[in-house]
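**Student:** Line by line, the protein sequences give chains D and S.
Residue numbers for the first sequence, in UniProt numbering: 1 to 489.
Residue numbers for the second sequence, in UniProt numbering: 1 to 489.
In short, the hints are calculated from the structure, not lab data.
It is possible that part of the hints are untrue.
Stated by the list, open to error - With a cut-off of at most 20 Å between alpha-carbon atoms, the simulated SDA-like pairs for lysine to any residue come out as follows:
hint : chain 1 : residue 1 : chain 2 : residue 2
1    : S       : Lys409    : D       : Ala379
2    : S       : Lys247    : D       : Glu446
3    : D       : Lys222    : D       : Ala12
As the list claims (entries may be wrong) - Cβ-to-Cβ under 8 Å is the rule here; a few derived chain D residues that face chain S:
hint : residue
4    : Ile7
5    : Arg8
6    : Gln10
7    : Ala94
8    : Pro98
9    : Gly259
10   : Arg274
11   : Asp287
12   : Gln334
13   : Arg433
14   : Lys488
What the hints assert, rightly or not - With beta-carbon atoms standing in for the labels, derived distance ranges:
hint : chain 1 : residue 1 : chain 2 : residue 2 : range
15   : S       : Glu406    : D       : Thr367    : 47 to 57 Å
16   : S       : Ala94     : D       : Asp13     : 51 to 61 Å
17   : D       : Thr5      : S       : Lys488    : 25 to 35 Å
18   : S       : Glu406    : D       : Glu82     : 54 to 64 Å
19   : D       : Arg391    : S       : Gly308    : 13 to 23 Å
20   : D       : Gly214    : S       : Asp202    : 26 to 36 Å
21   : D       : Glu248    : S       : Ile158    : 24 to 34 Å
In this text, a Cβ means the ideal position worked out from N, Cα and C, and glycines have one as well.
Number of protein chains: 2
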Amino acid sequence: MAEATPIRPQPADTIETWHYEADVVVAGYGIAGVSAAIEAARAGADVLVLERTSGWGGAAALAGGFIYLGGGTPLQKALGFEDSPANMKAFMMAALGPGADEEKITDYCDGSVEHYNWLVDNGVPFKESFYGQPGWETPFDDGLMYSGGENAAPFNTIATPAPRGHVPQMADKRTGEKGGGYMLMKPLVETAEELGVRAEYDMRVQRLIVDADGRVVGIIAKQYGKEIAVRARTGVVLATGSFAYNKEMVQNYAPRLIGKPGASIEEHDGRAIRMAQALGADLAHMDATEVAFFGDPQLMVRGILVNGRGQRYVNEDTYPGRIGQETLLRNENQAYLIIDEAAYEEGCAGDSSTPFFRFQPKWVAETAEELESEMGLPAGALVSTVEVYNRHAENGEDPVLGKKSEWCKPIGSPIAALDLRNFTAGFTLGGLRTTLNSEVLHVSGEPIPGLFAAGRCTSGVCAGGYASGTSLGDGSFYGRRAGVAAAKG
Amino acid sequence: MAEATPIRPQPADTIETWHYEADVVVAGYGIAGVSAAIEAARAGADVLVLERTSGWGGAAALAGGFIYLGGGTPLQKALGFEDSPANMKAFMMAALGPGADEEKITDYCDGSVEHYNWLVDNGVPFKESFYGQPGWETPFDDGLMYSGGENAAPFNTIATPAPRGHVPQMADKRTGEKGGGYMLMKPLVETAEELGVRAEYDMRVQRLIVDADGRVVGIIAKQYGKEIAVRARTGVVLATGSFAYNKEMVQNYAPRLIGKPGASIEEHDGRAIRMAQALGADLAHMDATEVAFFGDPQLMVRGILVNGRGQRYVNEDTYPGRIGQETLLRNENQAYLIIDEAAYEEGCAGDSSTPFFRFQPKWVAETAEELESEMGLPAGALVSTVEVYNRHAENGEDPVLGKKSEWCKPIGSPIAALDLRNFTAGFTLGGLRTTLNSEVLHVSGEPIPGLFAAGRCTSGVCAGGYASGTSLGDGSFYGRRAGVAAAKG
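Could you build all of it, start to finish, from the sequences and the hints given here?
**Tutor:** Written out as structure tokens, the structure is:
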């Protein structure tokens, strides 16, 4: 197969014209890119950002805006939640593996309070209010929420529950105002502009430029179909996002997501990962995937989720992204929500961030026996699941999966089932392997000189599991590191 | 971190002395290496094999010896089994994904009968007898066996069941004679030797040698601590096995196997994968893992397997490697075998290949209720599972998981549980991405000139699932292709 636009590194001595030049060149103007740009500029570097689309923002500006922060941030403290770096680490190691990078997570937790302050200092607003309802996101402008199942089994016995989903303040979503991700990006981009960061748009990065010693000294991009050579005097930062929309890479590295890319932007084509691989860059956790699940948390928590065999498989009061992973990765993407009429009505009546997730039941019956028959499940499969659940729910207990007592209520009659099969989508979490200073690692174990990366084109704090806010979290955290390191060169 | 022994490709013009030279240089003298050596020699090439240990064999010689072949091999036909390339492909696509390489599987199935004949022509003996008992391997010298769950749900409804585990004839294992893998390797190595293939032992490959055009023209190895330059006039074949024993790679790519490497040899350190990555080679399915499960198939099939919540999760009459994957990857490595006394006695009395898998029950009780209580399972969890199973087993049915009728018998009293938690080990299935001609693909999508690979250092026919015999199968099949292609250069 011929190579349409070469991706192999280009020797610097073959460049005839340098069209642009800066100390630090950042590819991608999303959360990792803007964070790198700010810190590189503050370190005295002349910074140029190359953005593929016609404006800044990336996937971040379209996201809900969770940033995973903790260890005792001022917002956590003001709202009465205790946390520490060690407690945060205990949760992250348990929830984000297997194979989570302990060194990176320790570093991330230790620096989390400082990182919160950095965001605030750069104009990111957090409202001092906590949203405690089940949901993917707060429907209001609250600043803090559980976003990873910290207060649900099994993690509530592994670490002291503390909410760590920090959301930049936005207007009420239902008025159609910009969301939390936009409110994160806007002040940071303004800060970058004030610091003199330049940006060029419609620039699609193609390959790295290396000198005779193997040092990365620039990048080739295409702008309006023309190849542009951009020189980086001290460093190149890759911050171009995931590979969720690169079909070949998804097929070869994260096949559970075939046909199900989502929660991201179509520009996430993995090109920067390939460019660095062409230089011998190492990868990590390429199969790891965030999985969104389109069930309404307000309803799920009031019923029981069963798989294609009629068995419960996840505590329904946990982070919905965890429900998504359990459903797609371990239960063949088969899920039904079993709920009685009263609980369904109650769930629909409460405030909810996700009214568009609210589906009508597909099957309704007077008894679990009738319901299981209508659903085509093996006789006894669902009946026994409901019986065991109800037996313990009578006592406010769920010894099978540890749903919290407040949500344990026997399922009565009429009883319904919502069809939540194949209701997932997701984005990729794997990518370039990097150091704590966001240097891109060669397979030799050494950093590649002049090359830095952050955000979802790297493997960050998530190796397998996920919590909302970890992408904007490690993207901004290690984006900053990349900026500092790239400015030093 | 400093690079102890450089892994980056070395320019050919820096080589002062070529210690060895051949047309085709093969790294690794296991199944892929010997197959490559034979075909390269037959194509007229002067062939040199570099082997890390002090003798040929690799993991293959220690393996049970299954080679996954079908599509209507003479052995299948002689034993009365119908199969076709299309039928074989239907099974492999369903069982070895998600993300299985359709082009490779199609090619493999189309060439399978020819490949069987090639093995026979090169002296590999297959005895015309079929072993139909549940088991990991035949305890005798039978030549054919189910080795991937072809005759079990869900695959028995997706493709016509046909056994494809072809085993070279060996003496009765219980006499301590060499196993099927040895009986595969021995005639092939003898064939290679007759063809004039040379071998150098105690050679640890370190890095590739490339010319100014990026073509691979040799390999640096260490022999007795000294660096040795080996020139390859037409091609280098990498055939060094998996990365199961490279802790860092397992951590970053296949973390489910942390602490559980197995079923392979400790030389499987992934070095050749890293050497090629340093040249920009692409990878595929690095998270995929074979999982061995140390439960006795003769017992498992006569009981029910339940997970940590007391739920069934896999049909107990399927390929034990599939049970292993379901247990480790989707049920937190938690498994108990629930079996009544009569079935336990019957399972122990039958012939079995795996007497060393036979464990005593950990818990015994008169009723399922007592048993579940002794095991510490939530009240009703196991009782309801046994009830639902028994209700259908009375009719010889298993609508929940599709266990075959012949094995569906109600579980009576006394009832016991075997503790099979954390009873898995495995090896890695991912590796270099290759073409049908075993060329190693660069991330650009183009082959890397002069570089070929086969066996478990490549991603073969298995993307996620596994069937016994696919490693020796695609290792030998694509090893041959590598030899042919490397001889052409």
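**Student:** Mind checking the alpha carbons of Lys247/S and Glu446/D for me, to see if they're no more than 20 Å apart?
**Tutor:** OK: Lys247/S and Glu446/D at ~17 Å, within 20 Å.
**Student:** Let me know if the C-beta of Pro98/D comes in closer than 8 Å to any C-beta of chain S, holds or violated.
**Tutor:** holds, 4 Å
**Student:** Quick check on a hinted range of 24 to 34 Å for Glu248/D and Ile158/S, using CB atoms only.
**Tutor:** holds, 26 Å
**Student:** Under 8 Å, Cβ to Cβ, is where Arg8/D needs to be relative to chain S, so tell me if that hint holds or is violated.
**Tutor:** Arg8/D check passes; min Cβ-Cβ to chain S is 6 Å, inside 8 Å.
**Student:** Tell me if Arg274/D is really an interface residue toward chain S, meaning its C-beta lies closer than 8 Å to one of theirs.
**Tutor:** Given a least distance of 5 Å, the restraint on Arg274/D holds.
**Student:** If you check the beta carbons of Glu406/S and Thr367/D, does the distance land in 47 to 57 Å?
**Tutor:** violated, 34 Å
**Student:** Checking hints one by one. Is Gly259/D an interface residue toward chain S, by the C-beta closer than 8 Å rule?
**Tutor:** violated, 10 Å
**Student:** Indicate whether the distance between the beta carbons of Gly214/D and Asp202/S respects the range 26 to 36 Å.
**Tutor:** holds, 31 Å
**Student:** Does the interface hint hold: is Lys488/D within less than 8 Å of chain S, judged Cβ to Cβ?
**Tutor:** Violated, about 19 Å.
**Student:** Classify the hint on Ala94/D as holds or violated, based on whether any CB of chain S lies nearer than 8 Å to its CB.
**Tutor:** violated, 13 Å
**Student:** Taking the CB of Arg391/D and the CB of Gly308/S, does the distance hold inside 13 to 23 Å?
**Tutor:** Because 19 Å falls inside the window, the suggested range holds.
**Student:** Measuring from beta carbon to beta carbon, are Thr5/D and Lys488/S in 25 to 35 Å?
**Tutor:** The hint (25 to 35 Å, Cβ to Cβ) holds, given that Thr5/D and Lys488/S are roughly 29 Å apart.
Checked against the numbered hints given earlier, this structure breaks hints 6, 7, 9, 12, 14, 15; the rest are met.
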